Amino acid sequence: MRSMIEFNSRPYFFSVRKATMVVICLHLFTFITAQQKVIPLYKGTSPGSENWNWTEGEIYKNPFNTKIVYNVTQPTLIAYLPDPAVASGSAVIICLGGGFHVLLIDSIGTKLANELTKKGITVFILKYRLAQSFTDDPWKEVTNLIKDSLKFTQKIAPVVKLAGDDLNASISYVHQHADEFKVDKKRIGVMGLSAGGTLAANLAYNYTPETRPAFVAALYTRTSSVRRTSIQQDAPPLFIAAATDDSTTPVSNSVSLYNDWMSSKHSTELHLYTKGGHGLRGFPAESWINRFEEWLDVLGFLKPKR
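Position one of the sequence shown corresponds to residue 1 (my numbering), numbered consecutively onward.
Keep in mind that the hints were calculated from the coordinates and are not lab data. It is possible that some hints are incorrect.
Straight-line alpha carbon distances no greater than 27 Å define the calculated DSSO-like cross-link-like pairs of lysine-lysine that follow [stated by the list, open to error]:
(1) K185 to K303
(2) K275 to K111
(3) K37 to K111
(4) K303 to K182
(5) K61 to K155
Label pairs and their computed distance ranges (CB to CB) [said to hold, decoys possible]:
(6) F181 to P250: 29 to 39 Å
(7) K186 to D137: 42 to 52 Å
(8) R228 to E294: 20 to 30 Å
Small disclaimer: the values here were computed from a predicted structure and weren't measured. Even for Gly, the Cβ is constructed at its ideal location relative to N, Cα and C.
The whole structure should be built from the sequences, with the hints applied where relevant.
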């Protein structure tokens, strides 16, 4: 009978094996944490919000029971680096959602970063500035506010501008430090989800030569706060995904983005799912990430540049 009895008769073997596992786990932990780097976007206070005197917070009180952040005043980039053996030289800056009041750091951000780094993509999660929350339940605040579309739009208007500035600053930072992160300046794209999709879409229309992304992904995006100017001649390829049963953001928002890119004869791909709600959850909507990776592969962003 091989079980605890055998291990008890050989305590030295057991302790060595246990110690070896601890060492392996410590090495893995060191490797994982070394792959993440938190980068302040500005020195000192953030331009345009110098008078913001509230304090950033974290909370787990939300439907996902995972960490969300709120009251962000000092934006940062969180860098996730792929294994050098699979690194493609491509990068993506991810703008998470949360109604410009919270950011779903763990339930969405970390999962996306882990998935995309496995494909060789260097990931930067942008923690952009948010509207002030006045209670200890920012999730409830924003879900109540969003029911009044006009009031919601009026409150977030100034924050959308500042968050857009943060996205521009993040692109500039990654360009300037491309060699450090071993990424190609011409292969830096942007992904936005929900409120973050508003930022990504805004950039897709209104980039400058210095902030032009190599590609843009806009997921279940609200376009009411997007400044939809004429599509520029060198507009980046655009990936779009949404669910037709999204009760928070009508799917027509995504369709209109697609139509703009199609009518201007620019590269675009649209995926609409029957079910998935706001967040593209459940099968098959959650497979949008696979379609996105296939799209990147077709465009050559998953292949190392030779």
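Quick rundown of the hints versus the structure:
Straight-line distance between C-alpha atoms of K185 and K303 comes to about 15 Å, which keeps the hinted pair within the 27 Å bound. Between the alpha carbons of K275 and K111 the distance comes to roughly 21 Å, so the proposed pair stays at or under 27 Å and holds. Using a Cα cut-off of 27 Å, the hinted pair K37 and K111 holds, with the two alpha carbons roughly 16 Å apart. The hinted pair formed by K303 and K182 meets the criterion: a straight-line CA distance of about 14 Å does not exceed 27 Å.
Between K61 and K155 the alpha-carbon distance is near 23 Å, which keeps this suggested pair within the 27 Å criterion. For the hinted restraint 29 to 39 Å between F181 and P250, the CB-CB distance of approximately 37 Å keeps it satisfied. A beta carbon spacing of about 44 Å between K186 and D137 agrees with the range 42 to 52 Å that was offered as a hint. Range check, R228 to E294: Cβ separation about 28 Å, and the 20 to 30 Å hint holds.
Hint violations for this structure: none, all hints satisfied.
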